Every structure is written in structure tokens, then in C-alpha cells.
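Undergrad: Keeping the supplied structure of chain C fixed, place chain D upon it in accordance with the hints.
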Amino acid sequence: MIGLGERVGASPPRVDGAAKVTGAARYVDDLQPPGCLVGRTVRSRVAHGVLRALERDPGFDWSDVTFVTAADVPGRNVVTLIEDDQPVLVPVGGTIRHHDEAVALVAAPTKEKAEAARAAVRLVVDPLPAIFTLDDALRAEVKLHGQDNVFKRFEVTRGDDVERALAACDVVVEGVYETGAQEQMYIEPQGMLAAWEGDTCHVTGSLQCPYYVHKALKVTLGLPAERVVITQAVTGGGFGGKEEYPSMIGAHAALLARAAGRPVKVVYERDEDVAATTKRHPSRVRHRLGLAKDGRMLAADVDVLFDGGAYATLTQVVLSRGVLHAAGPYRIPTVRIVGRALATNHPPHGAFRGFGAPQTTFAYERQTAKAARALGMDPVALRRLNLYRDGDVTATGQTLRGSVAAHPTLDRVVAQLEQPPPAGRRTLPQAPHVKRGRGVATYFHGSGFTGSGEERLKGQATVAVAADGVLEVRAGSTDMGQGATTTFAQIAATALDVHVSQVRVAQPSTDKVPDSGPTVASRTCMIVGGLVDQAARAVRSKLEAFAAEVGLAADDPARGDLPALARRWAAARGELAETHTYRPPAGIRWDDQTYRGDAYPVFGWAACAVDVAVDTDTWEVVVERCVHAVDVGKAINPTIVQGQIDGGTVQALGWALWESVQYREGKVLNDRMTNCIIPTAIEAPELETLLVEEPYAHGPFGAKGVGEIPMDGPGAAVASAVEDALGVAMDELPLLPEVVHRRVRAGRAGGAA
Amino acid sequence: MKVSLVVNGAPREVEGGPLRRLLDVLREDLALTGTKEGCGEGECGACTVLIDGEPVNSCLVPLAQAAGREVRTVEALASGELLTDLQEALVRCGGTQCGICTPGIAVCATAALAREPGADRLRLRELLAGNLCRCTGYQLVIDAVAEVVARRADATDAGAAPPLPARTAPTAPGQAGPGVGSRGAAP
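In order, the protein sequences belong to chains C and D. Residue numbers 1 to 753, in the working numbering, belong to the letters of the first sequence in order. Residue numbers 1 to 187, in the working numbering, belong to the letters of the second sequence in order.
Keep in mind the hints are simulated off the structure, nothing from the lab. Keep in mind the model is a prediction, meaning the values are calculated, not measured. In this text, a Cβ means the ideal position worked out from N, Cα and C, and glycines have one as well. Hints may be right or wrong, so weigh each one.
Which chain D residues face chain C? A few, computed with CB under 10 Å, are given here [claimed, not checked]:
(1) 84
(2) 86
(3) 104
(4) 120
(5) 125
(6) 141
Short derived list, chain C residues pointing at chain D, Cβ under 10 Å [what the hints assert, rightly or not]:
(7) 187
(8) 422
(9) 642
(10) 643
(11) 653
Pairs of lysine-lysine, DSS-like flavour, derived with a Cα cap of 27 Å [as the list claims (entries may be wrong)]:
(12) 512(C) <-> 215(C)
(13) 667(C) <-> 113(C)
(14) 113(C) <-> 2(D)
(15) 111(C) <-> 2(D)
(16) 458(C) <-> 218(C)
Chain C on its own, in the form it takes in the complex (with noise of 0.2 Å):
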């Protein structure tokens, strides 16, 4: 029988720790089969143009090296994902779009031959006026995408003409934020391993959607489900950024085996990744918000702009979220929220943990600090006046139904304020020119896909007894760090009264695990966790009746001892496999015409508190405190929770502080570590991670999403702190020295305050 420190809501060790603390885990590039090459991708640097030629260097020996280009493509010429518009290669007489296009492939036994290959190669473009800026795509005088450059516009109201709400408040509130591009920075960049066995390919990788990998895939290499197979390998941090990626990589590493008749890896240098891969949209929201005297929300108008960049990718999908959640957790009655993501010529944004929601968090939630401080209020009061609670109606028209922990997860974060801030923290001295502040954030993140993404997707998970007699589970959700193949674990062995030893979670591979969707969106503990609960209660079942029909007795212990039964079953009568695939919760509706109805299936909720210390000789912010408490419904593993909070905080407080890809004509500038920064453990607070739990009915043992949620409210946080340091408006991220310095010396001169 399972042990009480392996059951669901115990923290037993994860099942991968200790091949990672030994160097034992085996990542793409750990992988080196036989004859291996190396892949390298030649770039278009040129951020708009019509490609004219390609040319080979005639003085360079190209006998030992592959070289590939849209015409070796054998099915379509596109990364499949939503709309067909991105190539895999820009053929020649395409138009390219961006600076770090893919425009032809090289493979040579070494790297250095690799690299003097793709050197070898040169591009003639004739170049066309390219768009950077939100302004210039709107202007639409260059024309990227239809006539207006708008990828996608949702537009969600609620109540009454929002004009006229607006104009019968007592105060209105407006801002205009902005946030720039955040690199995902996992610390293993991006890789894939194509080899070609007979007609037969097969991709291993770094990254998150299997799946995703193997439908872009096919249609690349023109070849039936059964013919590709993608299999991920040990992933070295995903955060939305191998959500769709991988399936370009993929692409060109088995483009490149095709060609060369060998296994070909393909793994990016850290200044190619920053580069080519997608970072989170820079945004643009401006943000009216309408209080009565008493500080009752009344009417809200966001307007929400995002840069797309070159192609659709996953855009739109970041934008419904991100237009979904802009209103905030409040109960206002008279709401417009208008998005639009916009086509420019910088490399595609995509997905990163948030999803569009930090985007629109951060404007709302220095939208409530502003309102606070226009009616005199206490920003916490302010909160609780207007947070949602059961039974109140969201934006889109969804009854909230339970599980809505807005205001426990406040209430944690001022009852810990009280607390003495934790030892050992850092802190600037006590001087003069050190000036502190605070600040405080209220927010929520739904849980899933949106609207009637779940129930179009129709995840599957099996639980299986396998042919050797082990208790499987099998699930396209990837373990790239968050803890899935513990979580998973702990779920089955839970729901099978095992040990977490006695379940193995098979490595995700598309010929061997059915397709659980992607593993993004908040959704794999809750919605395939779900799955997993299910079918292995449903084995059980299986095993405890065939116990009794090979005449078990009822009292005989061997009846509880599910991994024998399941040896005993699999040696009788070969494997044995639950697959349960997902329905959504009776009485969820959502009309994706109008986008009225339940936008999720259920939220978390969180709340933060920062202090802050500036140092106003160098303009250093120093987080000197990070509260941060988060529903989680029910942690499946604590400790696998709290990493998933304290990371995700880390990532948004580097975001709010530091973390900025900079562009000039399309080319990203600081394309390294050393130019790109994320925090070290010197920045990062001492962090006072809370975890609430507001079960939710329709998860494994009352469980929601966590993986997103705490990036999306730290950043208005940090920056309402620092404005209450220095009595200066902070409306974009990040808060650089350089940004706080010129926004104080705006202040000054009788800018905002």
C-alpha cells in the first residue's frame, strides 16, 4: 500500500531527481548515435525582402557537407499550426519576414565544418520597407497581413455602452502601459535528433507538444501519422517557449537526415535561440476604469495592442487570453476590452508562460494602484471591495461556481505581512538616498484551454498494466521541469493504492502514448492529471475483479497487491490499457462567435505583495520582500508546487526589472546571457511562497493549474512599489536603472506623478 509521504497532497522526491543530480539525464545533446552530423540553419538577416538567390561559395569544399533548401521539401512547405503562413525554408522568390529566417540547411560531420559551411552560403535579397513598431503596423502604409495588418481582433462587452458607464463615475482612471519582449531563457537551448529508419522518421527533442511536432511533420515530409515519430527527450526547461519551435527545428533536422541518408542533430547556439525563437509579445494597453466615490468598479475600457511579429504562430491564441483576463478579477458591470495583435517584421512572438495575461495584468493592476491613490484609498481595501466571490458573473458573462479564492489568497499575503520578513534576505542600507516602497497585486489566471478549447481537443491519458507486468502511465504531456512525471505518478499510484515506485510514466513518444494535447495552458495536472485519476481507478477495478475470478478470496491480501495482480495479469493475459479521453463538466458553455460564456472551466487565484528599495544614486530596485500567495485547488505535491511558484515569480520579477529583448531594424541586440539577463540567486528574493487551496470539483483530488499564474501579477506589484518609493508613475516593464531614471526626471519636469 502506498506510504503516507507518497500520497497525493505528500512530497515524495521526484522521479527524476536523482539522474539529474548525477549528470545521468540524458538530454538532445547528450544523445550522439553513430555517424551523427551536425545541422546548422542558414539565416536571412534581412528583416524584409524577396529572396533572389542563394549562392553557394565555388571555392569551398562542399564534399562532405548536406546542403538543403525549400525545394528538397517533399510536402508542403510550412510549419503547420494554425495558419499555414510560416515556411519551413524560405524558397528562393519567397518573400522573407523577418531578420533570422530560415532560408537553407547545412550538415557536415563537425561543427566547425558546419559553421564554415553556412558562412559558405550567400543570400541575395532585394529588400522591401519593413515595420517595427506598433504605430507603423497600424498606419498599415506597409501591408504584412491583409489590408490592415491585424492578425486577429477579439472584442468582448459586458453591460452597458461603456461611454456612458464611464462618464456617470465619479473618478476615471487612465494609463497606457507597455512591456517588451521577454526571452523564455530556458538554460538548455533548443534541440532535435532526426534519424530516418527506412521510410520511417523518427525526431527526438527538446520540447514540450509532442504532438504538435508530429502533426507539423507530416505535412513537411508529406508522410502518413504512422510514418513520423516524435519522442521527447529529457527537456532542460520549456516555458512556452518549445510549445511550437520545436516543429520548425524538427523539421529541418529531418530534412537534413533525408538528405544526407545519416542521423542529423540539430541544437542551437545561445545567440541563434534568443534570436530565432519566439519571446513573449511586446504590448501596448490603454486602460480607462471607472470607480463611485466609494471605490466600486464601474466601467473598464482596455484596449489591447500586441506585436505579433512576421507570422500567426500561436498569436491569436495569446491574445484571446490575454483579452480574456483584462478586465481583472473584479466585479465590474460595464466592460469593453478590445485586442488586436498586429503583423511587424520582427521574429514571431509566441507563447510564455502567462500567455498574454501578464500583459493585461500588469495594466490592471496598476490601473486598481492608480484608482486607489486617486480616491485616497488603501490599495488592499480597494481590493476587497471589488474582488470576485462565488457566484459573481466575470466579463464574458461566466458564473463563477465555486473554487474562487480571490480573497483568501489577499487575506494570506496581509496576514504574512505581518510576519517579520524572513532572515537572510537582501536589503539596501538605511540611508537617505535609499527610498522604499510597497506594492500590491490581486489576480487570476483560468486554468485549461479557453472557451471550448478542451472539449475540441479531446486529450487522452492511459493507464495501462504494460506487456511486463508494470503499472504504466502513458500521456503526451512532457516533463520539461514542472514536475509532470512526478505529478502523474503520484496521481495513479494514489488512485491505485500503490508506491510511486511501483508506477512507471512512460517517456513521451508518439507511437507510444496517445495524445494528450499539448502541455501548456495551466492544464496537465488538471486536465490530464484528471485523465490519469480516472484510468487508473479504472484498472483497479480491472484487477480487483480478476482477483475474484481466478479465485482470489475475498480476505486473501494478495488481492490489495495491485503489482502482483497486474504481473499475474499481464503473464495470463497480455497487456491491459484504460484510455480515458476528456469531457468537459456538464453545463460549461461558450459561443466562440460572441465570446460570451465560461472562458475556462475554473480560475486559480493569487495575490502578491512587494517591497522594494531604490537606490536613487544608481536607480537600482532592489526586491527586498516577495509575498505571493496562489490557489492551487489541491497541490498534488508541495514542494513540486511551491518550485513551480517560486520560478514563475522569479521569471516575472525578472521581467519587471531586467529581463527586455531589444530590437533595432528586426535584429535582436543582446542576443546572450551576458546581454540578455535573467535574475541569479543574488537578485532573487528570499521568497514567502504561499500555497491556498480552493478545491476545485472537476480535478484530481480538487487540483487547477498553477504552471502560469504566478508570472502574471508580480510585475504590476514591483512597479507599483517602486511608484509608491518615488512618486512617479512606472508604466512599462522593465524597470530599468536607465527607465526609472527617466521617468523620475520626467516627473520632475511635471510629467505624471
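TA: Same frame as chain C, now just chain D:
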């Protein structure tokens, strides 16, 4: 040129130009793939190894500079299946998630604990500031290392030998290192 060095206690002779990166020698020639490459410019610390007991970024060490030196990699921390107290704490406390930075952190923290056995949390943060982690926010990493500091201090106070000292102390120059772990052993 041929270069002789000691890797995880075993004398090795490797081939390569003097500027060849130690990281590539370890990963490609000696199949010690536990040492990872995250940036290739000495920023992330995923490739940290010990040279004569000192933590260094092996992506910045030219082969010539490693000649005659004692190199210790993550594969040599554990003794077979037996993890060091630090490795065990990293796993149990949640100090490893995706794991790509973990070998570098395990190696660097091993040296840090040996050099400054009484380091407090803030000092541990400084000692590990050369190892970037994108998953944990460092909190549970520091928890794990601080716990080892405390446990070793308790063990010393109680007059007992610190747990697993032979395996967790960095190898002194000229001294044979502990055996290579059961996985990732050199061919």
C-alpha cells in the same frame, strides 16, 4: 597535440588543439555528458567542473590550460547509486526541476561547502551566483544547500564525522579522486 590530465581520478590522454574547449573534450571524447552547455560564454555555469578543486566554467578552459590538472565532473560526486548529502538534499528539497543547471550547481555547491562550511543563506547566494537557474527561482536550491550546511555543522558539533566527507570534499591537487559513478562512466 596530446594532452594528459586526470579526470575523475583516472589519468587520461586526449587529442586536440590547445584551444579546444575542455567542455567538448569531456562531452565528446570522454562521454562525460553530465557537464552541460547552456551559453558557451561562461555566463550560465551549467558546464561547471572542478579543476584542482576550484569551480570553473569548462566552456572557457582551453585544453592546454587543463594539461596536468585534476578535473572532477558531476559524474564523480556520487558513489554509484549513493548520492552525496548535497545531491540528496537537492532532490528532496526540490532544488532540481528541469535539471540542466543541476550538475553545475551540484559541482559548484560541493566546492562552496568545502571552502566555506559556515556560509549563511546570503553568502550561499553569492557563491552560487555564477550558476543560472530558470526553473526554481533559487529558493529551494538555497534551502537544500543551507540544510547541508546545518546538518554538517550539527554532525561536527556532535563530534561525529560530517556525513560522506570523502565524497563531498573537492579533490586536492595530486590526490586521486573518488571513483566514477555507475552511469556516465568514461569508456
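Undergrad: Now tell me if each hint is right for this structure.
TA: Quick rundown of the hints versus the structure:
{"no.": "1", "hint": "84", "result": "holds (9 Å)"}
{"no.": "2", "hint": "86", "result": "holds (8 Å)"}
{"no.": "3", "hint": "104", "result": "holds (9 Å)"}
{"no.": "4", "hint": "120", "result": "holds (6 Å)"}
{"no.": "5", "hint": "125", "result": "holds (4 Å)"}
{"no.": "6", "hint": "141", "result": "holds (7 Å)"}
{"no.": "7", "hint": "187", "result": "holds (4 Å)"}
{"no.": "8", "hint": "422", "result": "holds (9 Å)"}
{"no.": "9", "hint": "642", "result": "holds (7 Å)"}
{"no.": "10", "hint": "643", "result": "holds (5 Å)"}
{"no.": "11", "hint": "653", "result": "holds (8 Å)"}
{"no.": "12", "hint": "512(C) <-> 215(C)", "result": "holds (16 Å)"}
{"no.": "13", "hint": "667(C) <-> 113(C)", "result": "holds (26 Å)"}
{"no.": "14", "hint": "113(C) <-> 2(D)", "result": "holds (22 Å)"}
{"no.": "15", "hint": "111(C) <-> 2(D)", "result": "holds (21 Å)"}
{"no.": "16", "hint": "458(C) <-> 218(C)", "result": "holds (20 Å)"}
The structure fails none of the hints (numbered hints given earlier).
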